[in-house]
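2 protein chains.
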Amino acid sequence: MPDLVAQHAAGVMSAAVLMTSAAELRAAARRGEWRGTTGGHCPAYQQANLVILPRDAALEFAAFCTRNPVPCPLIEITPPGDPEPARSAPGADLRTDVPGYRVYRDGRLAEKRADIRDLWRDDLVAFLLGCSFTFEHALVEAGVPPRNVEQGTMVSMFVSGLDCVPAGRFHGPMVVTMRPVPEAKVGLVRALSARYPHAHGAPIHVGDPAAIGITDLARPDYGEPVPIHDNEIPMFWGCGVTPQAVAVRARVAFMITHEPSQMFLTELPREGEHRS
Amino acid sequence: MPDLVAQHAAGVMSAAVLMTSAAELRAAARRGEWRGTTGGHCPAYQQANLVILPRDAALEFAAFCTRNPVPCPLIEITPPGDPEPARSAPGADLRTDVPGYRVYRDGRLAEKRADIRDLWRDDLVAFLLGCSFTFEHALVEAGVPPRNVEQGTMVSMFVSGLDCVPAGRFHGPMVVTMRPVPEAKVGLVRALSARYPHAHGAPIHVGDPAAIGITDLARPDYGEPVPIHDNEIPMFWGCGVTPQAVAVRARVAFMITHEPSQMFLTELPREGEHRS
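In order, the protein sequences belong to chains A and B.
Counting in the numbering used here, the first sequence runs from -16 upward without gaps.
Counting in the numbering used here, the second sequence runs from -16 upward without gaps.
These are computed hints drawn from the structure, not numbers from a lab.
In this text the structure is predicted, and so the values were computed from the model without any measurement.
A few of these clues could be false.
[To be verified] Chain A is faced by these chain B residues, among others (derived, beta-carbon under 8 angstroms):
1. L1
2. M2
3. S4
4. P37
5. R38
6. A40
7. E43
8. L57
9. E59
10. H154
11. P156
Even glycine gets a Cβ: it sits at the ideal position worked out from N, Cα and C.
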């Protein structure tokens, strides 16, 4: 995983270390010793996107997430002012245990942070939303690794032509990820991903990018492009960047998120999804 | 279904009518022509518990639901002041489309209502939570009807000794439903219910009531008792009464719920759960 080398430059730990304990990875992030991607690490656990919003925007955002469960699979909401995800990782602290944070003011990226203790307020509400790293682990184990994992690049993400169901101030298009898959493996990959509804579940579209408003697969809106071979079909999944993009578009006064690809590691098992 | 006859006394529609269209049942409720149970009706659609709370309590309640997804499977939250469940049933109105409502003030039942239009406020937030009627339909179709469906009674519900994960002012024990199942059918019933994570999913316990703090199966805390035959095993599932019981215990100043067994009918298909 060459991306670990690149993204790990600032880290103290060896890039060769693949973490398996979610608690240890969180503790390393808390000590400032883990600043890299969480992709590929702790494959037994669910990883989560983080969005933190003030109380006044949080109810509409909660509504938005429930109305768009494919891109925004809710894992946990914390009560206002409470930084502990009491169900997903009891004892963890969302102000310190993510490798990196981004702070947005009035819809613009204002700064990047290693922790957010001094920014925490009594009116802040944290949202943990499922992440496709979780099902990528399953694809690797099944012998159908996604191209972005093989190449050590960020997954290709596109702003689709599919509208989310709006909720109050939050509205906009669904962001999707794209992974090219050999034609013969499409059914397997579809079935595997469908087992992880809290990691965006089954693909939202398979085949024709134009059918969902995407014009050029070589020019993703976020992440990096990947080669698509002759016998391969592009598969598209809902993406956890959607809720962040929607919150930026709504120009919320204050928002904190994780640094892209540096997720919160929960204690929830990857298999047997937590609702079943 | 003799319960339809009893519970339908106030209804204009014939008790012999089994509704299949969720939209027609909602419209009949809106016209004041449907005041009975929704159990057994519209088997192709997900049914939902309704809890309506003022904004100040709603964020903690949302957190509570995400922390206790087995008894409180979130289907949709509406933004403050918006009575339309835009994802679950576009165009529906949660103030009129449920057969019956209960209004609680300071944690006490204050009145029962046929509609709540005149009580609606800009700060009210509606929660739709999954209901076990949804998986009972699947059990009936598979030839293993629950005893309460066979007998036309309300399911037996018990306050268990299992604590929910608290969130702010909301805390308390999990309420569970009990259905006795022939020993040979336990595996089938477990597997069928597990397919419906938004209808409480797999059982939380099978076998020993004492293991989850229940002393007498003949004396349920809510609903009605059912006979248990010699070859039968009690199976227990999370119950959507849990969040209401927790909100009553927290003595929230104002809350509206559905009348027990008179659920909100969504347009979401029962099969292929909406997140997958």
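Hint-by-hint comparison with the structure:
{"no.": "1", "hint": "L1", "result": "29 angstroms, violated"}
{"no.": "2", "hint": "M2", "result": "26 angstroms, violated"}
{"no.": "3", "hint": "S4", "result": "22 angstroms, violated"}
{"no.": "4", "hint": "P37", "result": "11 angstroms, violated"}
{"no.": "5", "hint": "R38", "result": "6 angstroms, holds"}
{"no.": "6", "hint": "A40", "result": "10 angstroms, violated"}
{"no.": "7", "hint": "E43", "result": "5 angstroms, holds"}
{"no.": "8", "hint": "L57", "result": "6 angstroms, holds"}
{"no.": "9", "hint": "E59", "result": "5 angstroms, holds"}
{"no.": "10", "hint": "H154", "result": "11 angstroms, violated"}
{"no.": "11", "hint": "P156", "result": "16 angstroms, violated"}
Of the numbered hints stated above, those contradicted by the structure are hints 1, 2, 3, 4, 6, 10 and 11, listed in ascending order.
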